[in-house]
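Participant: Sequence:
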Amino acid sequence: MKYNFLFRRRKTLGTKDCICLSVFLLTVNNVYQFKALKFIHDWYKQILPPIFNNSFRYAKNVHSYNTRYAFQNNLYKSRFRTNMGKQTISAMATKNWQNLPSILKELNTFTFKNNVKRYLLLKQFESWSKKSLNSTHI
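Residue numbers (my numbering): 1 to 138.
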């Protein structure tokens, strides 16, 4: 498992960071990303109630061009003129969905939650280890 790597690198991280990693806690920002990704995955698998059917659109349904972006089952990114619009769940979830590897997008709902949480924990750890390496070399 990749978690062994987390424990080997604990010494270079701060105390607060080690506490989060030792019990595998997501930061508040990553919890929000996790919930948004879970919501959009439920939409993708058509598990949500019908009221949410028009929440998102596939990029391949917006235009007829066969692009790499549309081929990867990415969603159409709506354009917003205000910061308030950029902070809506549809805008944030679309951005997070785009950054998610396509292998994770195709998982069923039960394995999706565990694998996305692992993915976010590894990304979180990588960002912490980069910060600690930058701070030790300064």
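Don't take each hint at face value.
Okay, derived cross-link-like pairs now, BS3-like style, lysine-lysine, Cα gap no bigger than 27 Å in a straight line [what the hints assert, rightly or not]:
(1) 77 / 113
(2) 38 / 123
(3) 38 / 86
(4) 77 / 35
(5) 38 / 113
(6) 86 / 60
(7) 95 / 105
(8) 45 / 86
(9) 95 / 38
(10) 86 / 123
(11) 113 / 60
(12) 77 / 95
(13) 95 / 60
(14) 105 / 117
(15) 105 / 38
(16) 35 / 105
(17) 105 / 123
(18) 60 / 35
(19) 60 / 77
(20) 105 / 45
(21) 60 / 45
(22) 38 / 117
(23) 35 / 45
(24) 35 / 113
What the hints contain is simulated information worked out from the structure, not anything from laboratory work.
A quick note: this is a predicted structure, and the numbers were derived from the prediction, not measured.
Participant: Tell me if the straight-line CA distance from residue 77 to residue 113 falls inside 27 Å.
Facilitator: At roughly 24 Å apart (the allowed maximum being 27 Å), residue 113 and residue 77 satisfy the hint.
Participant: Regarding the pair residue 60 and residue 35, is the alpha-carbon distance no greater than 27 Å?
Facilitator: 25 Å, holds
Participant: Sort out whether residue 123 lies within 27 Å of residue 38, counting only the CA atoms.
Facilitator: 17 Å, holds
Participant: Residue 35 and residue 105 were given as a pair; does the straight-line alpha-carbon distance stay at or below 27 Å?
Facilitator: 14 Å, holds
Participant: Just to be careful, I want the Cα atoms of residue 38 and residue 113 compared with a cutoff of 27 Å; is the pair within it?
Facilitator: 7 Å, holds
Participant: Checking one constraint from the list: CA of residue 105 to CA of residue 117, max 27 Å. Satisfied?
Facilitator: Roughly 13 Å between the alpha carbons, so the hint for residue 105 and residue 117 holds.
Participant: Next pair to validate is residue 60 with residue 45; report whether the Cα-Cα distance is within 27 Å.
Facilitator: Answer holds: residue 60 to residue 45 is near 17 Å, not above 27 Å.
Participant: Mind checking the alpha carbons of residue 35 and residue 45 for me, to see if they're no more than 27 Å apart?
Facilitator: 15 Å, holds
Participant: Residue 38 and residue 117: Cα distance at most 27 Å?
Facilitator: 10 Å, holds
Participant: For the pair supplied as a hint, residue 77 and residue 35, is the alpha-carbon distance within the 27 Å limit?
Facilitator: 19 Å, holds
Participant: Between residue 86 and residue 60, does the CA-CA distance stay at or below 27 Å?
Facilitator: 22 Å, holds
Participant: Would you mind confirming whether the straight-line C-alpha gap from residue 105 to residue 45 stays at or under 27 Å?
Facilitator: This hinted pair holds, its Cα atoms lying about 9 Å apart.
Comparing the model with each earlier hint shows no violations; every hint is respected.
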